[in-house]
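Sequences listed follow chains A and B, in order. The first sequence begins at 1 in my numbering and counts up one residue at a time. The second sequence begins at 1 in my numbering and counts up one residue at a time.
Just so you know, the hints here were simulated from the structure itself, not pulled from any lab data. Treat the hints loosely; a few may be bogus.
Across the chosen pairs, the derived CB separations fall in these ranges [to be verified]:
hint, chain 1, residue 1, chain 2, residue 2, range
1, A, Ser172, B, Leu50, 53 to 59 Å
2, B, Trp130, A, Arg18, 17 to 23 Å
3, A, Asp186, B, Ile53, 55 to 61 Å
4, A, Arg245, B, Trp130, 56 to 62 Å
5, A, Arg84, B, Leu50, 53 to 59 Å
6, A, Pro142, B, Ala217, 29 to 35 Å
7, A, Glu126, B, Ile163, 47 to 53 Å
8, B, Arg198, A, Ala16, 21 to 27 Å
Sample of chain A residues lacking proximity to chain B, with all beta carbon distances greater than 10 Å (derived) [claimed, not checked]:
hint, residue
9, Asn105
10, Leu194
11, Ala244
12, Leu258
Backbone N, C-alpha and C define an ideal beta-carbon position, used for all residues, glycine too.
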Amino acid sequence: MSAAELSIRGLRVGIAHRHGVDEIVRGVDLEVASGEKLGVVGESGSGKTLTMLSVLQLLPSPLAVLGGQVLLDGEDLMHADERRLRAVRGGEVAMVYQDPMSSLNPLLRVGTQIVEALRAHGVPVEAARARTREVLGQVGLPQPERIESSFPHELSGGMLQRVMIAMALSTSPKVLIADEPTTALDVTIQQQILDLVSALQAETSMAVIWVTHDLGVVARLVDRVAVMYAGRVVEQAPTRKLFARPTHPYTAALLASLPGPEIGHRKPLHQIGGTPPDPAHLSPGCPFRARCPYAIGRCAVEEPGLIDRGSGSVAACWREPELWES
Amino acid sequence: MSELATPVVTPEPMDAVNGEPAARHRTWFGTVWRSRNGRIGFILSALVVLGAIFGSLGVTPYPPDAQNFNASLKGISLAHVLGTDQFGRDVFSQILQALGVSLEIAGISVLIAGGIGTLGGIVAGFLGRWPSALIMRVTDVMFAIPAILLALAIVTALGPSIIDSSIAIGVGYIPIFVRVVRGPVLALREADFVRAGRVLGFSRSRLLFRHILPSVAGAVAVQTSLALAWAILAEASLSFLGLGPPPPTASLGEMVSESSSLASTAWWTLAGPSIAIIIAVIGFNFLGDGLRAAADPRSKTR
Chain A
1 MSAAELSIRG LRVGIAHRHG VDEIVRGVDL EVASGEKLGV VGESGSGKTL
51 TMLSVLQLLP SPLAVLGGQV LLDGEDLMHA DERRLRAVRG GEVAMVYQDP
101 MSSLNPLLRV GTQIVEALRA HGVPVEAARA RTREVLGQVG LPQPERIESS
151 FPHELSGGML QRVMIAMALS TSPKVLIADE PTTALDVTIQ QQILDLVSAL
201 QAETSMAVIW VTHDLGVVAR LVDRVAVMYA GRVVEQAPTR KLFARPTHPY
251 TAALLASLPG PEIGHRKPLH QIGGTPPDPA HLSPGCPFRA RCPYAIGRCA
301 VEEPGLIDRG SGSVAACWRE PELWES
Chain B
1 MSELATPVVT PEPMDAVNGE PAARHRTWFG TVWRSRNGRI GFILSALVVL
51 GAIFGSLGVT PYPPDAQNFN ASLKGISLAH VLGTDQFGRD VFSQILQALG
101 VSLEIAGISV LIAGGIGTLG GIVAGFLGRW PSALIMRVTD VMFAIPAILL
151 ALAIVTALGP SIIDSSIAIG VGYIPIFVRV VRGPVLALRE ADFVRAGRVL
201 GFSRSRLLFR HILPSVAGAV AVQTSLALAW AILAEASLSF LGLGPPPPTA
251 SLGEMVSESS SLASTAWWTL AGPSIAIIIA VIGFNFLGDG LRAAADPRSK
301 TR
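The shape of chain A in the complex, shown without the other chains (with noise of 0.2 Å):
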């Protein structure tokens, strides 16, 4: 692996209140090289979201930061003034989410704001317009020139999350993170912006970074996968390895409940059992362990770090795969 565009080092955020702290992300770790694609997957609250927003420092507010680096290209962002980190935000590192309906100022053509952003980081006018066109071509959207003096009601879902790509393109970043872009489009949509992410950043060589609850859509898109559960990275593994070999009982399975190809002898779903636990009150011990059918004594006392298990994965579980049935 060669050195990380981004890295994300023991971030922890929380809200602090009178009677101590709630964490909600306890301390993740990620890293991502330019060129790579990284998924981070997890239920709701598992703190992926979060994680994110704390790159660009733009938790919503009783939310902070407790502690953690955020380091681009070796800069620290947690120690970066403001005036830099807007020159981060949407210019070094880009963010596309998940709803493009309502990401859009409803009153401004869409032209006109993929202009503002780039007018925002310093580029000309003149540029920025030609900037614009260039890059509505580049998302495949027909006819740039009529896109580009729409209102965003004019325009489908699935083309205003062209535009929202475009946008968040415009300033070739480093690093792009995709925050569930494709959650809110129907399947042929998202293949659609899926192939279009991956032939764009193969152009590019950015690193991308894409959030999400599908794994389905992992497997098709990215390298590596970290499986995030309760405030936690529980598994991180490159992609083929994870689906073909999880080695965690959580991370098994979420697989376990993917609907297969096979017809014939439909067996019903797989699902886990119980609810997440709020990461913010937590029982010592494993969080996944009320879930776990291979939980042993020691899961209820301590919490599992993070385990090397070869070929590059990591789990957090004390038990290797190979002994979960006994």
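Fit chain B to the supplied structure of chain A, relying on the hints for placement.
Only chain B this time, still in chain A's reference frame:
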């Protein structure tokens, strides 16, 4: 003021998916004109404004304060379209002049109320925390006092002149603007596209002036039009009570008050200024209604 209309214009994109970008976009005026109320409102307001301009410039059939005792209390005729009063002054000319004064006072007071109120609303909505709390509490207190009472108190303290009347009326309407602006600003501050702007590295001032304010402009325009109607009414009330600008200046409220005793013998002296007030109030109210439709971004297309 029970008809406190507080239109909250929160622009949301339409969920309808129509891939064909509409080529034609209606102008504000076009949208106002399309609704019946907007059309009526625009015509009436335009008449009032025109009358006021002519009145202020002195372009009237007769000099408004020229007395002619040979023609006192004459009814409606070709020479005097709205008749004459007991001093033989042409009622129509007086109305034109009074409209000029009324509109000037109403305009200045709305400028005061709209300016201070909008600024207050933006500060309260965008900054939040203690500036918001302070502004909103002051607003609440002002709301507790009826605007017309507040105006009476201020005008008695300051004395009756055009500027003083304007201040007196304007102050009372500040809280309405504060509330009308604060609501949408508060909602827009948390809107996805504003958050998205932050992610794109926009500065606070860019977000405020470029993204939040234009979305509030519609609500302010509507409120301005409605406030003009109230201000004209308030000015008429003040001068009816004898607290308007002093005598040589004609004023609608004063005309109504003076002619009320003559109503049984010369109805036109009462009808003229009264109807002028009604036209002005209805006109600006309906115009506000039409603007409300235009302020909605969705109604601009198609």
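Status of each hint after checking the structure:
Our hint of 53 to 59 Å for Ser172(A) and Leu50(B) holds, since their Cβ atoms are close to 57 Å apart. Between Trp130(B) and Arg18(A) the beta carbons are some 20 Å apart, a value that agrees with the proposed interval 17 to 23 Å. For Asp186(A) paired with Ile53(B), a C-beta distance near 58 Å keeps the hint of 55 to 61 Å intact. Taking 56 to 62 Å as the suggested C-beta distance range, the pair Arg245(A) and Trp130(B) conforms, at roughly 57 Å.
For the hinted restraint 53 to 59 Å between Arg84(A) and Leu50(B), the CB-CB distance of approximately 57 Å keeps it satisfied. The beta-carbon spacing between Pro142(A) and Ala217(B), approximately 33 Å, falls within the hinted interval of 29 to 35 Å. Taking 47 to 53 Å as the suggested C-beta distance range, the pair Glu126(A) and Ile163(B) conforms, at roughly 48 Å. Between Arg198(B) and Ala16(A) the beta carbons are some 22 Å apart, a value that agrees with the proposed interval 21 to 27 Å.
Against chain B, the non-interface label of Asn105(A) is violated: not every CB pair exceeds 10 Å, the least being about 5 Å. Taking the minimum C-beta to C-beta distance to chain B, about 20 Å, the non-interface status of Leu194(A) holds against the 10 Å cut. Against the 10 Å criterion, Ala244(A) stays outside the reach of chain B, whose nearest CB is about 36 Å from its own CB. Interface exclusion of Leu258(A) from chain B stands, the closest Cβ pair being 29 Å apart, more than 10 Å.
Against the hints set out earlier in the document, a violation occurs for number 9 only.
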